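One line per chain: the protein sequences are S and G, in this order.
Under the working numbering, read the first sequence as residues 1 to 224, first letter to last.
Under the working numbering, read the second sequence as residues 1 to 115, first letter to last.
Simulated from the structure, these hints should not be mistaken for lab results.
Mixed in with the good hints, there may be bad ones.
Restraint-style ranges between C-beta atoms, simulated for each label pair [claimed, not checked]: (1) S:Pro85 x G:Ala105: 26 to 36 Å; (2) S:Leu184 x G:Arg56: 50 to 60 Å; (3) S:Asp150 x G:Thr27: 39 to 49 Å; (4) G:Phe83 x S:Ile118: 20 to 30 Å; (5) G:Ala105 x S:Phe51: 35 to 45 Å; (6) S:Ala125 x G:Tyr47: 19 to 29 Å; (7) S:Lys74 x G:Ile65: 32 to 42 Å; (8) S:Phe51 x G:Leu51: 34 to 44 Å; (9) S:Arg114 x G:Pro49: 42 to 52 Å; (10) S:Gly73 x G:Ala105: 40 to 50 Å; (11) G:Ile98 x S:Leu181: 34 to 44 Å; (12) G:Glu30 x S:Tyr86: 45 to 55 Å.
Please read all numbers here as calculations on a predicted model, not as lab measurements.
Beta carbons are placed, not taken as given, at the ideal position from N, Cα and C, and that holds for glycine.
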Amino acid sequence: MAQAIVHGGGGHGELTRQHGGDGGEGHGDELEHAHPTSTGLNSVKMLMWTFIGSECMLFGSLIATYVADVGFGKGPGPKQVFEIPYTSVSAFVLLISSLTMVLALAACQQGNQRQLRIWLVATAALGLVFLGGQYFEFTTFKVEKGAWLDTNFFGSTFFTLTGFHGAHVTVGAIWLLSLWLYSLRKGIPASKSLFVEVAGLYWHFVDIVWIVIFTVVYLIPTSR
Amino acid sequence: MTSHELDNALLEEQHFPHEHTHPGARTYIEIAAVLAVITIVEVGIFYLPDLHEAFRPFLLPAFLILSSIKFVLVVGFYMHLKFDDPFFLRLFGFALVIAMTVVTALIALFHGLYF
Numbered sequence: 001m002a003q004a005i006v007h008g009g010g011g012h013g014e015l016t017r018q019h020g021g022d023g024g025e026g027h028g029d030e031l032e033h034a035h036p037t038s039t040g041l042n043s044v045k046m047l048m049w050t051f052i053g054s055e056c057m058l059f060g061s062l063i064a065t066y067v068a069d070v071g072f073g074k075g076p077g078p079k080q081v082f083e084i085p086y087t088s089v090s091a092f093v094l095l096i097s098s099l100t101m102v103l104a105l106a107a108c109q110q111g112n113q114r115q116l117r118i119w120l121v122a123t124a125a126l127g128l129v130f131l132g133g134q135y136f137e138f139t140t141f142k143v144e145k146g147a148w149l150d151t152n153f154f155g156s157t158f159f160t161l162t163g164f165h166g167a168h169v170t171v172g173a174i175w176l177l178s179l180w181l182y183s184l185r186k187g188i189p190a191s192k193s194l195f196v197e198v199a200g201l202y203w204h205f206v207d208i209v210w211i212v213i214f215t216v217v218y219l220i221p222t223s224r
Numbered sequence: 001m002t003s004h005e006l007d008n009a010l011l012e013e014q015h016f017p018h019e020h021t022h023p024g025a026r027t028y029i030e031i032a033a034v035l036a037v038i039t040i041v042e043v044g045i046f047y048l049p050d051l052h053e054a055f056r057p058f059l060l061p062a063f064l065i066l067s068s069i070k071f072v073l074v075v076g077f078y079m080h081l082k083f084d085d086p087f088f089l090r091l092f093g094f095a096l097v098i099a100m101t102v103v104t105a106l107i108a109l110f111h112g113l114y115f
């Protein structure tokens with residue numbers, strides 16, 4: 001049975017692959033004509049950057065809501081609740097996880113499977129450390145400082161914003177662990193480094209969101 | 001071979017002329033060192049009460065500048081926007097401008113409470 005897949009078009013030609021088969025090998029499985037997408041850009045990366053753009057707007061709205069509402073209502077505020085030295089360790093952990101992530105990508109692009117696995121699992125582990133710190137922070141804020149979602153505007157907006165960020169870190173950690181398991185079973189060759197790169201884009205986005213949150217939510221209100 | 005496998009095979013073999021080579025591990029580690037130093041400076045001010053008091057009027061712009069530097073370094077080097085096609089930068093920048101406009105507008109409206 002012959003199978004033909006046609007990609008692209010739009011005035012830039014077409015991408016066609018003939019697959020001859022009967023389920024066996026060596027029956028004319030050859031790439032006849034391959035070329036970049038009609039935009040000349042990698043569509044998987046394009047998808048990821050579009051997604052990241054939409055996420056920017058989501059977190060922009062959450063941060064704006066925090067900034068707008070933080071001063072309203074009674075109850076504990078940032079100065080009474082935050083402990084900058086503790087949070088700075090979490091921020092540092094997430095920054096370092098960005099380094100391990102790019103090292104994983106570099107290892108994948110060099111075809112070094114062992115280092116790829118080490119850096120992937122290290123990144124996921126650092127993400128889990130961050131999440132553990134956030135759980136401890138949330139518990140401390142609620143139990144010892146009396147700040148929670150329904151306490152005041154500060155509590156509502158702070159826990160919503162940082163909770164959403166924590167959920168994103170959780171998704172990222174699951175994604176990285178999945179990649180790690182995949183690399184253990186089948187390996188991720190350099191030709192498939194795009195899979196690691198796209199996961200890395202997501203992970204770095206989570207990191208830059210925390211850079212903004214750490215400054216706008218933690219540092220600025222407590223330094224004044 | 002399934003159509004999904006064919007798609008993957010095609011994906012692997014495509015070439016994207018606008019993408020440049022990514023930096024190596026050494027550059028990544030150097031960037032991480034800069035990020036770490038900036039974070040230490042940001043947090044260090046809280047451990048030095050006298051310095052904190054002396055620089056209090058300048059802390060807001062200082063924090064914004066330092067975090068902007070960290071943001072640009074991560075986006076430029078770790079997310080490879082410095083090396084990838086400028087279209088990705090424009091795509092990201094457009095969304096970022098909208099997000100920052102929303103944040104700035106709300107800060108302007110409620111600045112008396114936040115600052």
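Status of the hints after comparison with the structure:
no. : hint                           : verdict
1   : S:Pro85 x G:Ala105: 26 to 36 Å : holds, 33 Å
2   : S:Leu184 x G:Arg56: 50 to 60 Å : holds, 52 Å
3   : S:Asp150 x G:Thr27: 39 to 49 Å : holds, 47 Å
4   : G:Phe83 x S:Ile118: 20 to 30 Å : holds, 25 Å
5   : G:Ala105 x S:Phe51: 35 to 45 Å : violated, 24 Å
6   : S:Ala125 x G:Tyr47: 19 to 29 Å : holds, 28 Å
7   : S:Lys74 x G:Ile65: 32 to 42 Å  : holds, 34 Å
8   : S:Phe51 x G:Leu51: 34 to 44 Å  : holds, 42 Å
9   : S:Arg114 x G:Pro49: 42 to 52 Å : holds, 48 Å
10  : S:Gly73 x G:Ala105: 40 to 50 Å : violated, 22 Å
11  : G:Ile98 x S:Leu181: 34 to 44 Å : holds, 37 Å
12  : G:Glu30 x S:Tyr86: 45 to 55 Å  : violated, 28 Å
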